[in-house]
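Enquirer: Going line by line, the protein sequences match chains A and B. Using our numbering, you'd call the opening residue of the first sequence number -18 and step up by one each time. Using our numbering, you'd call the opening residue of the second sequence number 2 and step up by one each time.
Partial list, computed: chain B residues near chain A (C-beta under 7 Å): (1) ASP48; (2) ARG297; (3) GLY300.
In short, the hints are calculated from the structure, not lab data. Note that the Cβ used here is the ideal one computed from N, Cα and C, for glycine as well.
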Amino acid sequence: MFESIDALERAFRDELYVAERGLSTSTFLALKLGRPLFLEGEAGVGKTEVAKVLARALRTELIRLQCYEGLDVHQAVYEWNYSRQMLHVRLLEARGDAPKEAELFGPDFLLERPLLRAIRARGPVPPVLLVDEVDRSDEEFEAFLLEVLSDFQVTIPEIGTVRAERPPVVVVTSNRTRDVHDALKRRCLYHWIDYPSLENELAIVMAKLPDAPERLARQVTAFVQELRRAELYKRPGVAETLDWAAALLALDRRTLDATVVDETLGVILKYQDDLQRVRGPFARSIHDRVQAAT
Amino acid sequence: MTGLASNLLLFGRVLRGLGLDVSPGRMRDLVVAVDHVGLARRADFRDAARCLLVHRHEDVPLFEAAFDAFWRKPAEGSTHLDLSALGEKRRFRRPRFGLPVAPLPESPPSDEAPQSPPPPPVLVPVLSPSAQEVLRHKDFAEMSAEEIEDVQAFVRQAAVGVDTYRTRRRRPGRRPFVDVRRTLRRSQRHGGEVLTWACLERRAKPRPLVVIADISGSMERYTRVLLLFMYGLAERGASRVEAFVFGTRLTRITRHLRGRDVERALTEVSRAVPDWSGGTRIGESLRAFNFDWGRRVLGRRPLVLVVSDGWERGEPSLLAEEAARLRRSCHRLVWLNPLLGAPDYQPLTQGMKAVLPHVDDFRPVHNLASLEDLGRHLLTLRGGAPGRRPLPSSRSLHA
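Chain A on its own, in the form it takes in the complex (with noise of 0.2 Å):
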């Protein structure tokens, strides 16, 4: 674990994340408080890559729950691995001997869900868990997650209880494409990730993309940054400037041009309302400024 807010800083940065203050200290503080991390924000600003970078800073696994609509136990929890104890029955069968309950409801039948994986993980540094977009799962769910993230237990009636050693480092994500309740956010250290500014995202890209050139990163950032204050439907988010930087680097481009910038708007902006506002004069006005910028 981290001794100070600086240390963890330190190691995100090493695993190439570069967080604002405030994250940091929130996530500091989960880890210090055994508590759930609970990040909001809009899509793209880097909210799943915390529980993924978090989980190699700590040399530890991350498990993942992709929650969706209609996320059930037998999906987040365990389920039986039911043609394998029918064919194990027929076996028995064949041989002539006759099949134990208690033998095929054994943990070599289990089926071990992300939520049990990480109550039952015994490792030297406890699992990270990354509940993913639980705004995408109903209400039912979330009452479940709510009583599993307050006592870390499960029971499976075939077997018991099971009890968590030392509880997961949970990280819950959520896009806010509907109000989680407030029960569940409660009970967890709650911080709002923005999109980074003018610095910050030009030291993201400077570490994801070492190859990009300085004068590139810096006009593809502030170009990103300057077309986040419009009104757009879909605002481009930190994962798209890293896919324009990128792509603008596949194609060899060592600056901006305004030719280039109308050819790839489609990496950055994904509505086509967006696109036929921005495409044409809107982009060449941000771009003029931002090469008179840079």
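Given the coordinates of chain A, assemble chain B onto it according to the supplied hints.
Expert: Okay, now just chain B, sitting in the frame of chain A:
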């Protein structure tokens, strides 16, 4: 440390007073957190307090302001005044319910309107069938305050449901998925032979409703009744309701409706709207909805009801564009216009003309009868209503 701890607790109480949802558990955590983070850096302390005490994005600015006002050097002057000023700001932003509220101002049309029969005290049981019939067809705008009260009481209890949609959650049923777990358990009764398949079906849930209602000028009365109607639905668990109102600016009132007092919530909201007589900007309000709320409340493909007479002060083209966008992202877009109740009404205003090609249903809401029709209509949408063309019957209602 005790001095700091008591200050922390006081800070928590201040935040709670401002309407933030601060739990005692998190306050205890904060005391522990201060040990970990230290007080050397003010920004770290602020971050720590924020991630523990705030859990809604919209509360962050208020927290920041309260933090600045509370945690500062004594030399900088009195904090008390600033904090109470913050309270004012909060009430403006998000009305609270405990406050005494002045009675509603009577809207002028109802006072001037001729009232031939004296208004009866209670609506349903006491009324003779004919009087009930009269009230059913009386325009809300022409009703007296007492009549409106009766109607509201009635509307809140109206037993209406909404159509359902099939979720992805499964439950035991007839079709179409096999429940292996249950099948196997059953088979054990027959020595491991599978005789019958246990099945699962998709669970149905009431389709969520989103109401976007005009509260400018003459529309307020209709909106009030309709919101009560919706609130009644939400209260009985018949559907999940998200509610927004607009004059020139869009305001979300879902949380107020949960506060159990629609009347008071609406009064508070109408006070909070700054430019009351500035005219209606439907296009801009819909745009604000699409931008700021679309992704958050349209995820479950709800039924969207817009209540407005279509008197648009802004650009009709913007209104058309935003209405089209809204329709693309919801299950069904229903436009409710009280003027449609008038026998000679034609949707000729520029706003209405711009919107009509993009709505699925165009219906009146001016009296109880039309509200009942609406209720029935919401129910008949059961089963998906795949065509999505405006129903001819709903258009010809005014004829």
